[in-house]
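Chemist: What follows is the residue order along each chain.
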Amino acid sequence: MVDVDSFITEKVTEIEDAVGDENAVIALSGGVDSSTAAALAYEAIGDQLTAVYVDTGLMRKGETEQIRETFSYMDSLRIVDAQERFLDALGETTDPEEKRHIIGEQFIREFETVAKDVDADYLVQGTIYPDRIESEGTIKSHHNVGGLPEVVDFEGIVEPMRDLYKDEVREVARELDLDALVAERMPFPGPGLAVRIIGEITAEKLEVAREANHVVEEELEEYEPWQALAAVIGKATGVKGDNRVHGWVVSVRSVESRDGMTARAQEIDWETLQRIQSRITGSHENVARVVYDVTHKPPATIEYE
Amino acid sequence: MTKIDVVDNHGQFTHLEQRALRDMGIDTELIDNETPPEEIDADGLVLSGGPDIDDIGRCSEYLDLDIPVLGICLGMQIIADELGGRIGGGEYGGYADVTVELLEESDPLTGSLYPETRVWASHADEVKELPEGFELTGKSDVCGVESMSNADRDLYGVQWHPEVAHTEEGEELFENFRAICEE
Chain D
1 MVDVDSFITE
11 KVTEIEDAVG
21 DENAVIALSG
31 GVDSSTAAAL
41 AYEAIGDQLT
51 AVYVDTGLMR
61 KGETEQIRET
71 FSYMDSLRIV
81 DAQERFLDAL
91 GETTDPEEKR
101 HIIGEQFIRE
111 FETVAKDVDA
121 DYLVQGTIYP
131 DRIESEGTIK
141 SHHNVGGLPE
151 VVDFEGIVEP
161 MRDLYKDEVR
171 EVARELDLDA
181 LVAERMPFPG
191 PGLAVRIIGE
201 ITAEKLEVAR
211 EANHVVEEEL
221 EEYEPWQALA
231 AVIGKATGVK
241 GDNRVHGWVV
251 SVRSVESRDG
261 MTARAQEIDW
271 ETLQRIQSRI
281 TGSHENVARV
291 VYDVTHKPPA
301 TIEYE
Chain V
1 MTKIDVVDNH
11 GQFTHLEQRA
21 LRDMGIDTEL
31 IDNETPPEEI
41 DADGLVLSGG
51 PDIDDIGRCS
61 EYLDLDIPVL
71 GICLGMQIIA
81 DELGGRIGGG
91 EYGGYADVTV
101 ELLEESDPLT
111 GSLYPETRVW
121 ASHADEVKEL
131 PEGFELTGKS
141 DVCGVESMSN
151 ADRDLYGVQW
161 HPEVAHTEEG
171 EELFENFRAI
181 CEE
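From first to last, the protein sequence lines stand for chains D and V. Following full-length UniProt numbering, the numbering of the first sequence begins with 1 at its first residue and continues without gaps. Following full-length UniProt numbering, the numbering of the second sequence begins with 1 at its first residue and continues without gaps.
Don't take every hint at face value.
[Said to hold, decoys possible] Just some of the chain D residues that point at chain V, by a computed CB distance under 8 angstroms: (1) GLY104; (2) ASP259; (3) GLN266; (4) VAL291; (5) TYR292; (6) PRO299; (7) THR301.
[Stated by the list, open to error] Which chain V residues stay away from chain D? Per the calculated CB distances, all over 12 angstroms, these: (8) HIS15; (9) ASP23; (10) TYR114.
[Unchecked claim] Among chain V residues calculated to face chain D with C-beta under 7 angstroms, some are: (11) TYR95; (12) ALA96; (13) ALA165.
These are computed hints drawn from the structure, not numbers from a lab. Virtual Cβ for every residue (Gly too), placed ideally from N, Cα, C.
Please put together the full structure from these sequences, using the hints given.
Modeler: This is how it looks when you write it as structure tokens:
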């Protein structure tokens, strides 16, 4: 386990030395990694850092408001409203890697605008160790690795947490007094709800995914999952009020893990599962059924795409 | 300080092997599998897992360095393949939660875990025939050779992943390997 005190001192100095008197930008996703990297960088260079949060429309319920609140101490925080642009860019794309790619590209465009506007010379990223391993391999591509530097001529990229695992990042976040909600927050993928929707992204599916994820996080809190989520995985037949429904299938997944590298599907009691099912199908007439995913990682990954 | 290096065969968990050793206070370095054997200066080596038996660099040469070697997953298959054993596809993909039955209470690597241990595994291929001089030390319902040892040459292999958090006694296995390296 990383020694938190010396890590913070060392990284603050490293960021100061790297950036000097220039300007830097960082992308905030709402997750613990980028939040921690931003807090570290802000400690090092203050308002020379512009933290940028892009509301892609693929975020969890209440996420944007929470970011606004947590980072209100940074005068330089920018919130970009880009929901329509992301949905337009995704169009009818169904291939998972293609979706990740489009989202990555759109992120780059949004950041490019801000980076040029504030005259940023440096890019700070919350990349952590497993991001690099999975990107070096062929398992999944991560939007926050690479991309932006090819279009913006940065003098340098600073990745203060590149050698840390998630559990170590949380230790650092706690030490930095980051809002408990952020420090203990469940991991959330960069491409957001897009990877929790199989196939085409539509406003209708997004609405189902967002509400279902909210229900799952709320109901499973007491199980202290590493990650609990809901994904819209397809369509199936159901019957509601004597009418046949061809509605969405929502898959609920809840896993425990130390570092995200391996994961065990959690054993959830029947009443809780039934309550989740009932809340999701009951408040969404276009959801036909709810299933629970029992697969560990490996062979499955934690997220669906 | 004991130094145990991890040879990278490009497995998804390779870095967790380094982390497990680091967390135990062992001096450890991740080295490329093309590193010339004469440049290796360690008290023991871990051969990591990986996706491809044809992409193992100079791993076979490291078996002649006369230091203890622990092969993990593909790393064990390398040892078996190189020393005259046989590897092949498993009938059942060995994935996630597996209970391994340990067979040798006196084995320096796995003996302390006797009689069984719960592990996390992820592999398609497996060792079918042990090389000469090796003893079968562990098996499971899904894989006939879960672990093997040649205590005379201090060459050891496990098919599962002691480095991942879900393997229950992973750290103890690394502690046993540390003891072997310190002998």
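Chemist: Please go over all the hints and tell whether each is borne out by the structure.
Modeler: Status of the hints after comparison with the structure:
1. GLY104: Nearest chain V Cβ about 22 angstroms off; hint violated.
2. ASP259: holds, 6 angstroms
3. GLN266: At 13 angstroms from the nearest chain V Cβ, GLN266(D) fails the 8 angstroms test, so the hint is violated.
4. VAL291: Hint on VAL291(D): violated, closest Cβ of chain V at ~19 angstroms, above 8 angstroms.
5. TYR292: With a closest approach of 17 angstroms, the TYR292(D) hint is violated.
6. PRO299: PRO299(D) check passes; min Cβ-Cβ to chain V is 5 angstroms, inside 8 angstroms.
7. THR301: Not OK, violated: THR301(D) not within 8 angstroms of chain V, min 11 angstroms.
8. HIS15: Violated, since 6 angstroms does not exceed 12 angstroms.
9. ASP23: Label violated. Min Cβ-Cβ 6 angstroms, cutoff 12 angstroms.
10. TYR114: holds, 24 angstroms
11. TYR95: holds, 5 angstroms
12. ALA96: holds, 4 angstroms
13. ALA165: holds, 3 angstroms
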